[in-house]
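Visitor: Chains A and B are the protein sequences, given in the same order.
So for the first sequence, our numbering puts the first residue at 1; every next one is plus one.
So for the second sequence, our numbering puts the first residue at 1001; every next one is plus one.
It is worth saying that the hints were derived from the structure and are not from the lab.
If you're wondering where the values come from, they're calculated on a predicted model, not measured in any experiment.
Worth double-checking, as some hints may not be accurate.
Under the rule of at most 30 Å between Cα atoms (straight-line distance), these lysine-lysine pairs were calculated in the DSSO-like manner [stated by the list, open to error]: (1) B:LYS1134 with A:LYS191; (2) A:LYS23 with B:LYS1299; (3) B:LYS1079 with B:LYS1134; (4) A:LYS191 with A:LYS210; (5) B:LYS1079 with A:LYS295; (6) B:LYS1079 with B:LYS1069; (7) A:LYS295 with A:LYS23; (8) A:LYS191 with B:LYS1299; (9) A:LYS295 with B:LYS1069.
Take a look at the letters that make up each chain.
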Amino acid sequence: MNRNSLFGPLDPAADAGWDEAPKRKGFLTDTSVCIGCKACEVACKEWNAIPADFSDGITGNSYDNSESLGASTWRHVAFIEQTATPRGSTVELGMPGVRPGLEGVGSGAAGEGEVGEQDGEKPDFRWLMSSDVCKHCTHAACLDVCPTGSLFRTEFGTVVVQDDICNGCGYCVPACPYGVIERRTGDEGTKNVGIAQKCTLCYDRLGAGKTPACAQACPTESIMFGDVDELRERGRARVQELQDRGIDTARMYGDDPEDGVGGAGAMFLLLDEPEVYGLPPDPVVTTRDLPEMWKRAGMAAAGLLAGAALSFLGGRS
Amino acid sequence: MTTAAHSENRFGQWPEDDRPRRRRMQQATRAVRDAGGALRGRRGGRGGRRRGGEQAMVPEAEFTSYYGKPVIKASPWEKDIPAYLFTGGLAGGLSLLAAGADLTGRNVLRRSGRIGALTAISASTYFLINDLGKPSRFVNMLRVFRPTSPMSMGSWLLAGYGPLAGLAAMAELVPALPAFLRGPGQLLGALGRPAGLGAAALAPGVASYTAVLLGDTATPAWHDAHRQLPFFFAGSAAGAAGGLGMLTSPTGQAGPARRMAIGGVVLEMATDQWMESEMGLSAETLHEGRAGRLLTTAKVLNAAGALGALVGGRSRVVSALSGAALLVGSACTRFGIFEAGQASARDPKYTVVPQRERLDAGQPVRAG
């Protein structure tokens, strides 16, 4: 146990008891180069044999057909079309190339860096696309509240559900501050029906020294996989680069180890506020407040005991 | 197909419709819903238009979301879990009543308390197991002892409390045993008091841990209430237990049940005020929709039941009716809090607005 076991910066694998754990692994999803192709969604479903998620019917929203993360959607590509923002600083991003920063490669007429008022030729809308995934939080509320020990911390610092232990109590579902994990519904024959399911960061592939399926499939390398420390530096450098080019709304999300969940294993480079993408702006792990909750419960219990005793001290009847 | 943005989303606005980027929401917990900007007071006005009530001045919070979709997930629970909360609290309160009755010679109150507690905790366990996605694996609840999980702690509490409550109730059935079982029956009877006292020792925990269960989530209405919910649920449990005591015992023995019921209702109502004052925006959900109806019903029934306990102590009929009202009221409280939480999780407003506010105020939650 560590002073920061419930909240604050922490090495999660070491805190969970792993000796000589490998470096913490995670994702950096650079949404500035996402093209919304959903290869990540498909690869994830294929590798993990996830059933089709038609619980609400086919959505018919062509650019976002999965709507949110869930028990049968472990990668979800979000799509937002934005009209001119009141700030007036929509930026021409240009055609996404294979690697950002390579001038002129595949970008045709729309070059990079043509921004600013003096230009006069600003687009009146932009598309934001982002592949959402489980954050594999340093302080994972789902793991903290799991009563069966099904959810556990791997040596890579990720959070995984053991689907042969989970009894589907569903407590992890409201605990998650990002709304990631869910209890699978469906017909009786469906795999792992009734069990909580979420991204495993392809724990089986990591064990074989391979890259998670989504990162492997992403054609623009929007999804990058690697050591969390290195990805964090890469992301911050990329944010700086984008801001230098005038995209002042670029920001990192989940990269701060001091934040409400101790930093995320899966970080994002966003081009607008988190809530635009459906992400909570300032999430906090609920376990941070748990010591106080137990204290209060103890006080309430003591009060109940005292109150019951007092009730018997009344009159004759 | 381009999906239309949520109506309160600042995107999807044509340039002509130049709304300010975001209006700060004031701290008032009851923003009046007004779509078109017309001010409307809460109470029926004189002469039709009532402008200028200070509540009516507060505009609806503006915020951005992803097409109005929830940010977090509501729990997948349905009726089983609030029923489990109610019966658990009832059992805890009843064990306390029964133990006190045992020590003060109120034998009918003791009997109904012990049997009631066993029935309630059995029902509670049934509801918990029934809710599981894979009920056959319910024993896995006892695989680990995890203090960060209220559900784990609760499972262990129940594992200790249940058998004790069961033994205490079995002791009540000893007189009904046939003659050839008198021997073992005497042993069972002797175990009744220690088992009953043991159950009473664990009972307060059983009654209050359920509040930690709900509070330890990201669900706004539940988490925002986490400081007061234990007292709220303890009061509700006392009211329910007292109510059942009043319903099942003769008035001569039901005095402690009446006092416990009144105390429970008073605690619950006082805590309710305190809770709502500290909850912030999510306090709205306690007054709207299904949750609002349930909690209002609960207040009315609790008040009626407490009044009946206060003045109708000598009448068996009034006692019984009051007791029933208190039981239903306590159930309505649990179901109402549950529904409020679910509603607060489904509307992204309750997650986004408080977080965005503190970010914009330069006060994000940070460990440093």
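Visitor: If any of the earlier hints don't hold here, list their numbers in rising order.
Guide: 2, 7, 8 and 9
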